[in-house]
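K.L.:
Each chain, written out:
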Amino acid sequence: MNLEQQNTSDPHPAIEIRDLSKNFGDFTAVAGISFSVKAGETYGLLGPNGAGKTTTMRMLAGLSPASRGDIHVGGIDVVSDGRSVREIMGVVTQHDGLDNGLTVFQNLFLHGFLVGLSRKESKERAHEVLDFFSLKERSKDNVYELSGGMKRRLAIARSMMGSPSVIVMDEPTTGLDPQSRNRVWEELAILKESGVTVLLSTHYMEEAAILCDRLAIMDHGLILDEGTPDEMVERHASGDVTQMRVQPASLRAVRDYMEERSIQYREVGALVSVTGFNGVKADLSGVKDIEGVRVSTRPGNLEDVFLAITGRELRDE
Amino acid sequence: MNLAIPTPGVRRRSVTGLWFRHAVSFVRYWKFVLTWVVIEPLIVLVAIAFGVGKLVGEVEAVSYAQYVTPGIIMGNAMFHALFETSWNAYNRIDNDVYETILTTPITVTEITLGDILWAVTRALLTTIATAAFAVAFGWIDPLAAVGILLPAILVGIAFGALGFLFSAVAPHTTFLTLVFTLVASPMFFFAGVFFPISILPNWVEPFAWALPLTSAVHIARGFALAEFNASHVWSLVYLGVATAIMWPAAVYLLKRRLIK
Chain X
1 MNLEQQNTSD PHPAIEIRDL SKNFGDFTAV AGISFSVKAG ETYGLLGPNG AGKTTTMRML
61 AGLSPASRGD IHVGGIDVVS DGRSVREIMG VVTQHDGLDN GLTVFQNLFL HGFLVGLSRK
121 ESKERAHEVL DFFSLKERSK DNVYELSGGM KRRLAIARSM MGSPSVIVMD EPTTGLDPQS
181 RNRVWEELAI LKESGVTVLL STHYMEEAAI LCDRLAIMDH GLILDEGTPD EMVERHASGD
241 VTQMRVQPAS LRAVRDYMEE RSIQYREVGA LVSVTGFNGV KADLSGVKDI EGVRVSTRPG
301 NLEDVFLAIT GRELRDE
Chain L
1 MNLAIPTPGV RRRSVTGLWF RHAVSFVRYW KFVLTWVVIE PLIVLVAIAF GVGKLVGEVE
61 AVSYAQYVTP GIIMGNAMFH ALFETSWNAY NRIDNDVYET ILTTPITVTE ITLGDILWAV
121 TRALLTTIAT AAFAVAFGWI DPLAAVGILL PAILVGIAFG ALGFLFSAVA PHTTFLTLVF
181 TLVASPMFFF AGVFFPISIL PNWVEPFAWA LPLTSAVHIA RGFALAEFNA SHVWSLVYLG
241 VATAIMWPAA VYLLKRRLIK
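First to last, the protein sequences are chains X and L.
Heads up: the first sequence begins at 1 in this note's numbering, then just goes up one per residue.
Heads up: the second sequence begins at 1 in this note's numbering, then just goes up one per residue.
Don't take every hint at face value.
[Stated by the list, open to error] Chain X regions said to be covered by chain L (calculated; three or more residues, Cβ under 8 Å):
no., region
1, 57-65
2, 91-97
3, 100-107
4, 113-127
[What the hints assert, rightly or not] Straight line, CA to CA, 35 Å or less: simulated DSBU-like cross-link-like pairs of lysine-lysine:
no., chain 1, residue 1, chain 2, residue 2
5, L, K31, X, K123
6, L, K54, X, K140
7, X, K140, X, K192
8, X, K288, X, K38
9, X, K123, X, K140
10, L, K255, X, K140
11, L, K31, X, K136
12, X, K123, L, K260
13, L, K54, X, K123
14, L, K31, L, K260
15, L, K31, L, K54
16, L, K260, X, K38
17, X, K288, X, K192
18, X, K136, X, K192
19, X, K192, L, K54
20, L, K31, X, K120
21, L, K255, X, K120
22, X, K123, X, K192
23, X, K192, X, K120
24, X, K136, X, K123
25, X, K120, X, K136
26, X, K38, L, K54
27, X, K38, X, K136
28, X, K120, X, K140
29, X, K38, X, K120
Everything labelled a hint here was simulated from the structure, so no lab data went into it.
Here a beta-carbon is modelled for each residue, glycine too, at the ideal position from N, C-alpha and C.
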């Protein structure tokens, strides 16, 4: 698909956010964040629900006025000239926002028309986009007949109708089954190749690790750290993680073992893990001797990073 | 509440784009919508003119059918405009259709204008359909039928704006029942559609005149009976003033609902 990149040599960062805050009454959803996304980059906001990711996305899209701070997209100020920003930016909101009264094709076609394409251009573009997302056979179907995965992909397809140079996606795969999720990831990877700048939010560390060139870890409306996925793991979760799959009857013995030696551990269901970050290696030699425990090790990942920074799990929020 | 999003000038392309979206959606379900545009008003018109008309005889020196026709047409125009921006607009709020539209270079102000323009279109469609029948039955003069397109447009604008005052604040669809109990029914029965307001008790009369539909019916009847005086100018002004109050209120409330 021809994406008609809009000026990749632009000196401005594709997205630049400075000291951005949002309060809803007494509640602070976003508490002063700054980051910038280079042209062609895929940047992720990783954090649990309530971290302020969606609010940040909505402020970018002009759906929510910022309480404080600046947002520039392609050098254009979102506050003073939101309309021009929305001409070069595609948005995938959290709820697909598809028009149930229309067909798959009409959803794309009319969106293209509203974005500012002529009827002819919008028709052609809709066919291109349908091709790319392999939704061609469904083009005459009502959107309410589509599966959740297809609806999501249609919403992403729709954001590309205006051939945007920047696409903002709020949790592109939340609620999708693993198969649909993989499919979206594949499609986003191809999109990335074409040079589009993508800002996405997610609470799946796997998604962030696979798709993002750089990411920011968000919690309670703040960015806690920022970098490439590898840098983040190197910085906060460099050692291996020892994982113990424990049978229920042996759980007590394992807990006692950890507590006697003051080893920090975390327990998710039947899985007990100990991180060996920053060179500190806990003595876990005795655990193997406890009956009903299987021990394995894995490298640290973004989830461990989140835990190391916040002291909390990314999942199960 | 901070609504400090500057409102840029209105772009015609945005408004016609929205109108086009509604038209496509409308055409998709034309078979069903057509029953409401054409058949429903025909039922009311025939029942009232042939049924009630037989009992009533003449009103203001014309047959009851001739008297009631412009009123019923205005009433139908009102129902269509109101329905579009209350029920249909509520669904567009609820299904995040407006939210999606706002991610394009379109503003809330333009959304209200596009939807009101579509409300006017629906009001005109039902007016043309019903007036055509009325002309065929000899209940309205063909020239007068063309004339009442003017108040039909005004009804589309005023009630298109009014519908938003409900959809923009509605917490759920049941709330929209109020559109009928508080607006549509009182207007339909007290706006001089079926009987002259002058026969109402004196204390009710001012209330009846305060209803925006009354002004529209008054103007439409002016065309039907080919009788105009200063009161028709006042009706025109009154509808204009009502719209000038309701439309900014609609923009404000819809902004509050969608941009937060």
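K.L.:
Taking the hints in turn, state whether each one holds.
P.N.:
Results for each hint:
no., hint, in the structure
1, 57-65, "holds (count 5)"
2, 91-97, "holds (count 5)"
3, 100-107, "holds (count 5)"
4, 113-127, "holds (count 4)"
5, K31(L) x K123(X), "holds (25 Å)"
6, K54(L) x K140(X), "violated (51 Å)"
7, K140(X) x K192(X), "holds (28 Å)"
8, K288(X) x K38(X), "violated (48 Å)"
9, K123(X) x K140(X), "holds (13 Å)"
10, K255(L) x K140(X), "holds (33 Å)"
11, K31(L) x K136(X), "holds (27 Å)"
12, K123(X) x K260(L), "holds (33 Å)"
13, K54(L) x K123(X), "violated (56 Å)"
14, K31(L) x K260(L), "violated (38 Å)"
15, K31(L) x K54(L), "holds (33 Å)"
16, K260(L) x K38(X), "holds (28 Å)"
17, K288(X) x K192(X), "violated (45 Å)"
18, K136(X) x K192(X), "holds (22 Å)"
19, K192(X) x K54(L), "violated (74 Å)"
20, K31(L) x K120(X), "holds (27 Å)"
21, K255(L) x K120(X), "holds (32 Å)"
22, K123(X) x K192(X), "holds (24 Å)"
23, K192(X) x K120(X), "holds (27 Å)"
24, K136(X) x K123(X), "holds (13 Å)"
25, K120(X) x K136(X), "holds (18 Å)"
26, K38(X) x K54(L), "violated (78 Å)"
27, K38(X) x K136(X), "holds (33 Å)"
28, K120(X) x K140(X), "holds (18 Å)"
29, K38(X) x K120(X), "holds (33 Å)"
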